[in-house]
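Peer 1: Whole structure, please, built from the sequences with the hints as guidance.
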Amino acid sequence: MEPILEVRNLRKEFQGFSLKNVSFTLEKGYIMGFIGPNGAGKSTTIKLIMNLIHKDGGEIKVFGLDNVKYEKEIKERIGFVFDENYFYDELTISEVKRVVAPLYRKWDNELFHKYIKEFSLPLKKKIKHLSKGMKMKLSLAIALSHHAELLIMDEPTSGLDPVIRSELLDILFTFIQDENKSVFFSTHITSDLDKIADYITFINDGEIIFSCPKDEIAENYGLVKGPKELLHSDIQQYLIGVKENQFGFEALVKDKQKIKRMAGDNIIVEKPSLEDIIVCFQRGM
Amino acid sequence: MNIIISNSSDEPIYQQIVKQIKNLIIKGELAENEMLPSIRTLAKELQISVITTKRAYQELENEGYIVTVQGKGTFVAAQNKELLKENQLKMVEEKLTEAVEAGKAIHLTLEEMQEILKVIYEEG
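Chains as they are written, first to last, in the numbering used here: chain A, 1 to 285; chain B, 1001 to 1124.
Don't read these hints as lab results, they were simulated from the structure.
This list has only true hints and no planted wrong ones.
Below, in silico cross-link-like pairs of lysine-lysine (BS3-like), each with a Cα-Cα straight-line distance of 30 Å or less:
(1) A:LYS258 <-> B:LYS1019
(2) B:LYS1019 <-> A:LYS260
(3) A:LYS69 <-> A:LYS47
(4) A:LYS28 <-> B:LYS1072
(5) A:LYS254 <-> B:LYS1054
Peer 2: Below, the structure is given as structure tokens:
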């Protein structure tokens, strides 16, 4: 399998925060969700991939090419959707198109108008009068209209209602029907990912905790609930993000089979949601 | 062809797909050499990940229910009928063994057991 996005030992130092040797790989034809709590380094990583800030070390390859050396070439083939609106407020949608279209060699006007129609976007409306969902759809329409092979999206679903989020998921499913295309997106709305993501990369405090197929997470990780006495046993070392209450505890484990063997009937093990995983890691080991 | 997936079930989604496609083949609702949807179409329609549908197809292929022809698609395997019959025969044997054991436990004779079987068979 050919990787479409490869990040190796990526480092970036800020005051009070650093990205520590971030590595992961995304293959062609798949969707990767990039999750983690606020401030974990999601946006920093995406900015580094887009070469919007300078890295302090490591390597990023997009389509097998170095992302700094071949920046222009790569960006022709990337569709970028940002959380915030980056179009000039006073322009209408048609005017935005006139500004953006010449920037891309492979701009497809027909395709753009097809998406505008499909997303029911009003061409004559000014950007400032568009709803948040419409702005996201506009970004997406532009990203898709220059035949991007890789969609990179930073928090595309934040602040959107469930109807528009579900529409977005449909668009992404359609996008990867072509098995040469991939999607990489960060989010903390994990219910979207529960449905669509093939791979999940989880970053916490500047470090990658795991990057693996989503199904593997469900098969290995477990949310354990049991009596408090167990917290003083051998099991304790395997528990992540223990939360105690008056009547018991709850924690995450990496290998649920092992814990089941150790604790037997004393505990219940449930399938954790991605949200449970984020929360437990945030709470700490 | 209907495939209904439960997201809240404990059974992994790929297994739900495997089971349902197997049933469709056994029941003959999916005929020999019939083309199956691509893994990507199936993923899109069921709103699940491509890896999951890929794994389901892989499993079905390993068990000989379907075959993938590179560049053409995935089809219901042909040699299936024999295999299916074999499998079902095995299942019948297993159930009958169970019944015989239950009968022996209350000291039924072979004749009595045969009588019961005959009645049930003719009723069905």
